[in-house]
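S.K.: Letter by letter, the chains look like this.
There are 2 protein chains.
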Amino acid sequence: MSTQLKDARSGNITSAMRKIANSEGVTPEFIREGVAKGNIVIPYNNSHRDIKPIGIGKGLRTKINANIGTSGDDVDIDKELEKLNVAVKAGADTIMDLSTGGDTDRIRKIIIEKSPLPVGTVPIYQSACENLKKGGRISDISVDDIFNVIERHGKDGVDFITVHCGVTLETLDRMEREGRLLDVVSRGGSLLIKWMRYRKEENPLYTYYDRLLEIAREYDMTLSLGDGFRPGCLADATDRGQVQETILLGELADRARKGDVQVMIEGPGHMPINQIEANILIQKRLCHDAPFYVLGPLVTDIAPGYDHITSAIGGAIAASAGADFLCYVTPSEHLRLPTIEDVKEGVIASRIAAHAADIAKGVNGAIDRDIRMARMRKELNWDEQINLSLDPEKAKRMRSESPPSEDDVCTMCASLCAIKIGQGV
Amino acid sequence: MSTQLKDARSGNITSAMRKIANSEGVTPEFIREGVAKGNIVIPYNNSHRDIKPIGIGKGLRTKINANIGTSGDDVDIDKELEKLNVAVKAGADTIMDLSTGGDTDRIRKIIIEKSPLPVGTVPIYQSACENLKKGGRISDISVDDIFNVIERHGKDGVDFITVHCGVTLETLDRMEREGRLLDVVSRGGSLLIKWMRYRKEENPLYTYYDRLLEIAREYDMTLSLGDGFRPGCLADATDRGQVQETILLGELADRARKGDVQVMIEGPGHMPINQIEANILIQKRLCHDAPFYVLGPLVTDIAPGYDHITSAIGGAIAASAGADFLCYVTPSEHLRLPTIEDVKEGVIASRIAAHAADIAKGVNGAIDRDIRMARMRKELNWDEQINLSLDPEKAKRMRSESPPSEDDVCTMCASLCAIKIGQGV
Chain A
0 MSTQLKDARS GNITSAMRKI ANSEGVTPEF IREGVAKGNI VIPYNNSHRD IKPIGIGKGL
60 RTKINANIGT SGDDVDIDKE LEKLNVAVKA GADTIMDLST GGDTDRIRKI IIEKSPLPVG
120 TVPIYQSACE NLKKGGRISD ISVDDIFNVI ERHGKDGVDF ITVHCGVTLE TLDRMEREGR
180 LLDVVSRGGS LLIKWMRYRK EENPLYTYYD RLLEIAREYD MTLSLGDGFR PGCLADATDR
240 GQVQETILLG ELADRARKGD VQVMIEGPGH MPINQIEANI LIQKRLCHDA PFYVLGPLVT
300 DIAPGYDHIT SAIGGAIAAS AGADFLCYVT PSEHLRLPTI EDVKEGVIAS RIAAHAADIA
360 KGVNGAIDRD IRMARMRKEL NWDEQINLSL DPEKAKRMRS ESPPSEDDVC TMCASLCAIK
420 IGQGV
Chain B
0 MSTQLKDARS GNITSAMRKI ANSEGVTPEF IREGVAKGNI VIPYNNSHRD IKPIGIGKGL
60 RTKINANIGT SGDDVDIDKE LEKLNVAVKA GADTIMDLST GGDTDRIRKI IIEKSPLPVG
120 TVPIYQSACE NLKKGGRISD ISVDDIFNVI ERHGKDGVDF ITVHCGVTLE TLDRMEREGR
180 LLDVVSRGGS LLIKWMRYRK EENPLYTYYD RLLEIAREYD MTLSLGDGFR PGCLADATDR
240 GQVQETILLG ELADRARKGD VQVMIEGPGH MPINQIEANI LIQKRLCHDA PFYVLGPLVT
300 DIAPGYDHIT SAIGGAIAAS AGADFLCYVT PSEHLRLPTI EDVKEGVIAS RIAAHAADIA
360 KGVNGAIDRD IRMARMRKEL NWDEQINLSL DPEKAKRMRS ESPPSEDDVC TMCASLCAIK
420 IGQGV
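First to last, the protein sequences are chains A and B.
Each residue of the first sequence is one higher than the one before, counting from 0 in numbering that gives the first Met the number 0.
Each residue of the second sequence is one higher than the one before, counting from 0 in numbering that gives the first Met the number 0.
Don't take every hint at face value.
Some chain B residues close to chain A (C-beta under 8 Å, calculated; not the full set) [stated by the list, open to error]:
| no. | residue |
| --- | --- |
| 1 | 11 |
| 2 | 70 |
| 3 | 175 |
| 4 | 178 |
| 5 | 193 |
| 6 | 280 |
| 7 | 393 |
| 8 | 403 |
Below, in silico cross-link-like pairs of lysine-lysine (DSS-like), each with a Cα-Cα straight-line distance of 27 Å or less [as the list claims (entries may be wrong)]:
| no. | chain 1 | residue 1 | chain 2 | residue 2 |
| --- | --- | --- | --- | --- |
| 9 | B | 36 | B | 51 |
| 10 | B | 419 | B | 88 |
| 11 | B | 18 | B | 78 |
| 12 | A | 132 | B | 78 |
| 13 | B | 5 | A | 78 |
| 14 | B | 51 | A | 393 |
| 15 | A | 393 | B | 78 |
| 16 | B | 113 | A | 419 |
| 17 | A | 199 | B | 393 |
| 18 | A | 395 | B | 132 |
| 19 | A | 419 | B | 132 |
| 20 | B | 78 | A | 360 |
| 21 | B | 199 | B | 18 |
| 22 | A | 108 | A | 57 |
| 23 | B | 419 | A | 199 |
| 24 | A | 78 | A | 108 |
| 25 | B | 199 | A | 419 |
| 26 | B | 18 | B | 5 |
| 27 | A | 395 | B | 393 |
| 28 | B | 57 | A | 133 |
| 29 | B | 133 | B | 154 |
| 30 | B | 133 | B | 199 |
| 31 | A | 88 | A | 78 |
| 32 | A | 78 | B | 88 |
| 33 | B | 419 | A | 377 |
| 34 | B | 419 | A | 393 |
| 35 | B | 36 | B | 78 |
| 36 | B | 36 | B | 360 |
| 37 | B | 113 | B | 18 |
Simulated coverage check for chain B against chain A, where a stretch passes if three residues somewhere in it have a Cβ under 8 Å from a Cβ of chain A [what the hints assert, rightly or not]:
| no. | stretch |
| --- | --- |
| 38 | 21-31 |
| 39 | 61-68 |
| 40 | 143-155 |
It is worth saying that the hints were derived from the structure and are not from the lab.
Idealized CB from N, CA, C, for every residue including glycine.
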């Protein structure tokens, strides 16, 4: 089987590339060239189920991902499917199923079946869960356990997988020599480190990286090289472990591309505002412009309950500086598995960040809707203002809860509405 | 009577300067020098009622303001007092009473009496309301009406007033020659323009600026030079009208300082992310480092219902680049007069922005609470995590709504908690 990357290199414009070009308002050749260079990825398992393919990378609209899925403490597949629906409706571009509770094989299959968007997973979670369920320890996971799960995800139609290949003895050593406040906050990273420590062996996702590439190529699963050493607090940001891992991920990205496997890079995490731009530059340079998928960054550690806002700030700055793909963060981050309402809030906050960044980086047509909104504000056309809103339902509800005495204004300024005063001049 | 500025220039360290130095962790001399240079203002009416004085400006913690007050369509003084309490509790540094409905004299007096924080107003609103109530037109407002209201606010103890002195025939002409999508969205600005147009006269706040300085000096009311030409949509940002007004405000700031009157400058507004840093630099240069008070900036126009988030993004970037004072924006912006809950959401979002910016610009001690939070996360100490949160009540509620099966984790990851796994290594 071919991959989007192999096709692009051979000069073939695939049907996915054509669809993406159409929805982004660029030429199919622009997409093909970006995929060929590895600046754009198309997470689209070659089972090619009926989803809208999306492109992530240079020159394209910033995309956002919504994580859903059960945990050991909260297993309710109907709730997760409702989260899927809410995330789709609120405007997510991809879905990751991070389920770690219940029958994860079944849950994954259902989510893939129901999702109109590309689906990603973190297979190592399943390897760990299956082993723990059998009463084993994390160190009992065999190398085959790890790769068999990855193969299963490919067969099921997963479009992209997070694999923490950069969590190696070398990066771990660098991190520990410097010392960290909050150590490793990546679940996948911490699982692999525990495995490596007990067995005194190198990370199998690194040692057998070619085996991983083979599976990824077979299904054209895009690799999302996970950042096991992403900082979990502001004080740990941009430390030696994190930068060392990025260097390694850059090398692994080269190997993936040589093997016709599409690849993107994951990034921080918790980070002070003044470090974000430099982090994007470093990733882009070290990973030769591979698409950059960031979680947050969260620009302060002290706002649990509001981490959709802390990450919207960081995400907007990151995407303005060149990050291509934002993983949403919900108000529940650091507190609990998100509720359905949290999922919606998280997606909207991420969309605001991505959209504001697209305007800042001059993405084709990004500002058009804002211009239409400004025109409708000038006309005091409230119905159209509501239609143009990111969340028309909420805008409509809020306005209707506080009806103005004159239809053409709102209760904030009432008859002292600046726009209305201006019209009378 | 003296003013903080006059005292600072004479080498006197006032009791307010001492208190501020203490709460900011800097020397009293640092505050005195900043006030003397006009880089720091202390909005503190010389009636010196019992409030905690605050400093706004260079080298100090970024401050945030919460607007409250009635409108013609929503007059409920108890609700506004509840908003005051909520804003204070959520961590606002100042309160602006923007009331335009009901008995605004009485409302202002009550808010000043009840507020433990400095209070600001926009006197031109009252001049307009009083005139309209009498059945007059905006153009009927006399010059004395305008200055008498300002005098009344000074007597009542108002600590800072927004005065749109830069809305002149010259700036208006510049704006109109270029053309704008959304014209003027500042209430004060639009009122003055209407007045100027009908009467074919210059803005009295500009013509009689010395009269204004006299009143401000008498009560040591800090002038907040309003940005009548702030952009109301992204497409209008950083246009000629806006920049022309900033030049003029810089000149007026010089005159204020010469007259021993403390002065800060107001800024945009709606603005693409990539223009924010340049706007801060321009304001700081043109206004000779006068403290900069920004509304937002809102980084997209299409998110009514979520403008606390669009402005938290812009505010964090602005404050990181040097803005000193953020005016909060609530989820109700562009839709209605904010509810009590909206006020809380708006203050918290602004605090996140200000705090994240303070870390970025290296304000003394700003990161300390984040470091403590990281330590508590490492220790899986949930009670302390909640105590250290910006909104402990919300964090506590969210966690308690989804109780984990093991006390030391949360339902997001349950037994696969990365930090817990890391502890076992």
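S.K.: Hint by hint, note whether the structure agrees.
M.R.: Results of checking the hints against the structure:
The criterion of a C-beta within 8 Å of any C-beta in chain A is not met by residue 11 (chain B), whose closest approach is roughly 36 Å, and the hint is violated. Annotation: residue 70 (chain B) was flagged as interfacial toward chain A, and the flag holds, the nearest CB pair being 5 Å apart, inside 8 Å. About 11 Å separates the beta-carbon of residue 175 (chain B) from the nearest beta-carbon of chain A, more than 8 Å, and the hint is not met. Taking 8 Å as the C-beta contact cut-off toward chain A, the hint placing residue 178 (chain B) at the interface is violated, the least distance being around 12 Å.
Below 8 Å, beta-carbon pairs count as interface contacts, and residue 193 (chain B) has one with chain A at about 5 Å; its hint therefore holds. Look at residue 280 (chain B): its Cβ only gets to about 16 Å from chain A, farther than 8 Å, so that hint breaks. For residue 393 (chain B), the interface hint holds, the least distance from its beta-carbon to any beta-carbon of chain A being 4 Å, beneath 8 Å. The interface hint given for residue 403 (chain B) is met, as the beta carbon of that residue sits about 5 Å from the closest beta carbon of chain A, less than 8 Å.
For a cut-off of 27 Å, the pair hint linking residue 36 (chain B) to residue 51 (chain B) stands: about 22 Å separates their Cα positions. This hinted pair does not check out: residue 419 (chain B) and residue 88 (chain B) have alpha carbons roughly 34 Å apart, beyond 27 Å. For the suggested pair residue 18 (chain B) and residue 78 (chain B), the alpha carbons sit about 32 Å apart, so the restraint of at most 27 Å is broken. About 55 Å separates the Cα atoms of residue 132 (chain A) and residue 78 (chain B), which puts this hinted pair outside 27 Å; it is violated.
For the proposed pair residue 5 (chain B) and residue 78 (chain A), the alpha carbon gap of about 64 Å is over 27 Å, so the pair is violated. Only pairs whose Cα atoms come within 27 Å are accepted, and residue 51 (chain B) paired with residue 393 (chain A) is rejected, the gap being roughly 38 Å. Pair hint residue 393 (chain A) plus residue 78 (chain B) holds up; C-alpha atoms about 23 Å apart against a cutoff of 27 Å. Note on residue 113 (chain B) and residue 419 (chain A): the hinted pairing is violated, with a Cα-Cα distance of about 33 Å set against a maximum of 27 Å.
The straight-line distance between the Cα atoms of residue 199 (chain A) and residue 393 (chain B) is roughly 43 Å, outside the 27 Å bound, and the hint therefore fails. Using a Cα cut-off of 27 Å, the hinted pair residue 395 (chain A) and residue 132 (chain B) is violated, with the two alpha carbons roughly 31 Å apart. Note on residue 419 (chain A) and residue 132 (chain B): the hinted pairing holds, with a Cα-Cα distance of about 18 Å set against a maximum of 27 Å. Between the alpha carbons of residue 78 (chain B) and residue 360 (chain A) the distance comes to roughly 42 Å, so the proposed pair goes past 27 Å and is violated.
Of the pairs offered as hints, the one joining residue 199 (chain B) and residue 18 (chain B) is violated, with about 47 Å between alpha carbons and a cut-off of 27 Å exceeded. A distance of roughly 31 Å separates the Cα atoms of residue 108 (chain A) and residue 57 (chain A); the hinted pair therefore is violated under the 27 Å criterion. Proposed proximity of residue 419 (chain B) and residue 199 (chain A) is supported: the alpha carbons are some 20 Å apart, at most 27 Å. Restraint check for residue 78 (chain A) and residue 108 (chain A): the C-alpha separation of about 15 Å stays at or below 27 Å, so the hint holds.
Restraint check for residue 199 (chain B) and residue 419 (chain A): the C-alpha separation of about 20 Å stays at or below 27 Å, so the hint holds. Taken as a hint, the residue 18 (chain B) and residue 5 (chain B) pair is honoured in the structure, with Cα atoms around 18 Å apart against an allowance of 27 Å. For the proposed pair residue 395 (chain A) and residue 393 (chain B), the alpha carbon gap of about 26 Å is at most 27 Å, so the pair holds. Of the pairs offered as hints, the one joining residue 57 (chain B) and residue 133 (chain A) is violated, with about 61 Å between alpha carbons and a cut-off of 27 Å exceeded.
As the CA atoms of residue 133 (chain B) and residue 154 (chain B) are separated by approximately 24 Å, the hinted pair is consistent with the 27 Å bound. Annotation: proposed proximity of residue 133 (chain B) to residue 199 (chain B) holds, straight-line Cα distance about 23 Å (limit 27 Å). Distance restraint check for residue 88 (chain A) and residue 78 (chain A): the Cα-Cα separation of roughly 15 Å lies within the 27 Å cut-off, and the hinted pair is therefore satisfied. Between residue 78 (chain A) and residue 88 (chain B) the alpha-carbon distance is near 35 Å, which puts this suggested pair outside the 27 Å criterion.
Of the supplied pair hints, the one linking residue 419 (chain B) and residue 377 (chain A) is violated, its CA atoms being roughly 55 Å apart against a limit of 27 Å. Proximity of residue 419 (chain B) to residue 393 (chain A) is assessed by CA-CA distance (about 39 Å); at most 27 Å being required, the pair is judged violated. For the given pair, residue 36 (chain B) sits about 40 Å from residue 78 (chain B) by alpha-carbon distance, which is inconsistent with the 27 Å threshold. Among the hinted pairs, residue 36 (chain B) with residue 360 (chain B) is consistent with the structure: their alpha-carbon atoms are about 21 Å apart, no more than 27 Å.
Distance hint between residue 113 (chain B) and residue 18 (chain B) is fulfilled; the C-alpha atoms sit about 21 Å from each other, no more than 27 Å. Chain A is given as covering the stretch 21-31 of chain B, and this is violated because 0 residues of the stretch bring a CB closer than 8 Å to a CB of that chain, at least three being needed. Counting residues of the stretch 61-68 of chain B whose CB falls under 8 Å from any CB of chain A gives 0; the rule of at least 3 is not met. With 0 residues having a beta carbon nearer than 8 Å to a beta carbon of chain A, the stretch 143-155 of chain B misses the requirement of three or more and the stated coverage is violated.
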